[in-house]
Amino acid sequence: MRRKSKKKRTAKSRTVSILLTTLLVSVAFLLGSWAERTEVSFEWIEKYMDQVKMRIRSFHLLFIDERPAGEVAQLHFFDVGQGGSVLLEAYDGTTILIDTGRYDRSGSEIITYLNEEIGVGGEIDLLIFTHNDADHIGNGDMILEYFQVEEVWMNGMDHTSQTYSDVLDAMLEAEVTYSEPKAGEVTDVGPFKIQVLHPAKEKSERTQNDESIVTRIQVDETAIIHSGDVSARVEERIIAEHSGKLKSDIMILGHHGSRTSTSEAWLETVGPSVAVYQSGMDNQYGHPHEETLNKLTERSIAVYGTDIHGTIHFTLKENDQLEINTEEEN
Amino acid sequence: MYAVLEEIEDGMACLVPDSREKPLYIPVTSIPEPYEIGDVFLVEESQGAQEVYLKRDSDERERRLEANRSKRKRLLNMSHNKKPDKKN
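Protein chains in written order, with our numbering: chain C, 28 to 357; chain U, 8 to 95.
It is worth saying that the hints were derived from the structure and are not from the lab.
Check each hint, because a few of them may be wrong.
Unchecked claim - Computed list of lysine-lysine pairs in DSS-like fashion (alpha-carbon distance at most 27 angstroms, straight line):
(1) 209/C x 220/C
(2) 272/C x 209/C
(3) 228/C x 78/U
(4) 274/C x 228/C
(5) 228/C x 209/C
(6) 209/C x 29/U
(7) 274/C x 322/C
(8) 230/C x 80/U
(9) 220/C x 230/C
(10) 220/C x 274/C
(11) 62/U x 228/C
(12) 29/U x 62/U
(13) 272/C x 344/C
(14) 230/C x 29/U
(15) 80/U x 209/C
Said to hold, decoys possible - Simulated restraints, written as ranges between beta carbons of each label pair:
(16) 321/C x 53/U: 38 to 48 angstroms
(17) 215/C x 58/U: 27 to 37 angstroms
(18) 37/U x 228/C: 52 to 62 angstroms
(19) 39/U x 28/C: 47 to 57 angstroms
(20) 218/C x 69/U: 50 to 60 angstroms
(21) 36/U x 317/C: 20 to 30 angstroms
(22) 17/U x 291/C: 34 to 44 angstroms
(23) 248/C x 53/U: 37 to 47 angstroms
(24) 8/U x 119/C: 41 to 51 angstroms
(25) 84/U x 150/C: 37 to 47 angstroms
(26) 220/C x 26/U: 33 to 43 angstroms
(27) 69/U x 292/C: 33 to 43 angstroms
(28) 36/U x 63/C: 52 to 62 angstroms
This structure is a prediction, so every number in the text was calculated from the model and none was measured.
Beta carbons: idealized from backbone N, C-alpha and C, even for Gly.
I would like the entire structure built from these sequences, with the hints used as guidance.
Here you go:
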């Protein structure tokens with residue numbers, strides 16, 4: 028895979044997003060004021076607002092669509108501090124969101140990121156919560172309320188946190204299609220082909236981290252592997268059961284670059300040319316661990332991290348080309 | 008305030024409060040034994056949050072697990088007739 032690195036994106040899409048969000052709020056305010064003076068039902072206003080949202084979304088996409096010819100997909104690794112959230116966006120507008128970041132970050136942060144990429148109140152075809160820890164499902168309830176989420180995947184291991192309970196409530200309210208995928212399943216979402224590698228059908232792990240949904244996602248000629256927070260022990264199990272099907276160009280490092288994940292065997296089997304981790308500056312656990320980064324350096328694997336680079340944008344192009352834009356300089 | 012034991016790494020326990028406040032990071036040796044991930048604790052802070060007292064609430068843990076299991080089952084039932092094609 029040939030890489031071309033750039034820094035900063037233009038501020039155009041951010042400006043358009045802010046303007047259109049302001050427009051949406053203004054329309055809602057005016058409708059509310061008008062409804063107070065008339066006998067219009069709440070249901071009618073809700074329906075009308077949905078139409079307005081759709082129109083604004085189309086308008087937004089028209090403005091921010093600067094996609095050059097030959098582009099296959101974009102990956103956006105959002106800077107959500109010590110948590111995870113990645114958006115995959117195909118050339119035809121199909122979107123997959125993997126995790127929604129930390130529970131203790133402001134909800135407007137992830138919503139603004141998504142507004143910029145998919146439009147105000149836009150559509151998310153598939154939302155995968157790799158596991159139910161609060162640094163991966165944070166503000167998931169707000170996203171389910173604000174965006175049109177078609178389908179949600181979870182690992183099926185119940186958590187006891189309020190954050191998890193809130194997300195379940197929001198899913199029920201949104202009436203999303205819900206699945207708990209198991210290893211061996213293959214699903215097409217637009218041009219994305221998703222292989223589920225974990226959790227296993229017949230046996231559950233003991234912790235949320237080790238029960239993470241692990242996926243290999245192929246779009247055109249590029250494959251991306253995302254292992255949630257599984258440990259090296261689970262990586263070995265996946266290698267044993269899916270040997271020969273794991274080669275990927277882009278690896279999202281397990282558990283924020285912790286030494287407990289990303290074994291030598293995992294790197295050897297997957298063989299990525301680029302790796303990304305998502306972690307917060309000066310986090311409590313010291314992620315990413317130096318041992319993990321050294322393994323990547325020894326194999327000449329380029330590595331990007333949200334603690335250093337801020338939000339990271341990959342543009343996948345035809346002919347196996349990859350363009351990388353980062354919010355921050357090294 | 009309730010908080011849930013979510014993770015233990017390198018001897019440090021992470022407790023996630025019900026509110027959207029920052030997590031509590033405390034040495035795992037400060038957690039009353041026996042403990043397991045997912046335990047729900049009543050947290051009391053004193054002396055300007057210099058000291059933290061944890062009291063396990065096993066009934067609350069079971070109540071939450073049951074409530075969430077029930078919600079998840081409802082979601083699965085609702086989705087039963089509209090699942091996407093899956094190729095094995």
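Do the hints match the structure? See the list:
no.	hint	in the structure
1	209/C x 220/C	15 angstroms, holds
2	272/C x 209/C	16 angstroms, holds
3	228/C x 78/U	21 angstroms, holds
4	274/C x 228/C	22 angstroms, holds
5	228/C x 209/C	5 angstroms, holds
6	209/C x 29/U	33 angstroms, violated
7	274/C x 322/C	17 angstroms, holds
8	230/C x 80/U	19 angstroms, holds
9	220/C x 230/C	25 angstroms, holds
10	220/C x 274/C	14 angstroms, holds
11	62/U x 228/C	36 angstroms, violated
12	29/U x 62/U	19 angstroms, holds
13	272/C x 344/C	22 angstroms, holds
14	230/C x 29/U	33 angstroms, violated
15	80/U x 209/C	17 angstroms, holds
16	321/C x 53/U: 38 to 48 angstroms	43 angstroms, holds
17	215/C x 58/U: 27 to 37 angstroms	55 angstroms, violated
18	37/U x 228/C: 52 to 62 angstroms	38 angstroms, violated
19	39/U x 28/C: 47 to 57 angstroms	51 angstroms, holds
20	218/C x 69/U: 50 to 60 angstroms	44 angstroms, violated
21	36/U x 317/C: 20 to 30 angstroms	26 angstroms, holds
22	17/U x 291/C: 34 to 44 angstroms	21 angstroms, violated
23	248/C x 53/U: 37 to 47 angstroms	60 angstroms, violated
24	8/U x 119/C: 41 to 51 angstroms	47 angstroms, holds
25	84/U x 150/C: 37 to 47 angstroms	25 angstroms, violated
26	220/C x 26/U: 33 to 43 angstroms	41 angstroms, holds
27	69/U x 292/C: 33 to 43 angstroms	39 angstroms, holds
28	36/U x 63/C: 52 to 62 angstroms	59 angstroms, holds
Checked against the numbered hints listed earlier, the structure breaks hints 6, 11, 14, 17, 18, 20, 22, 23 and 25; every other hint is satisfied.
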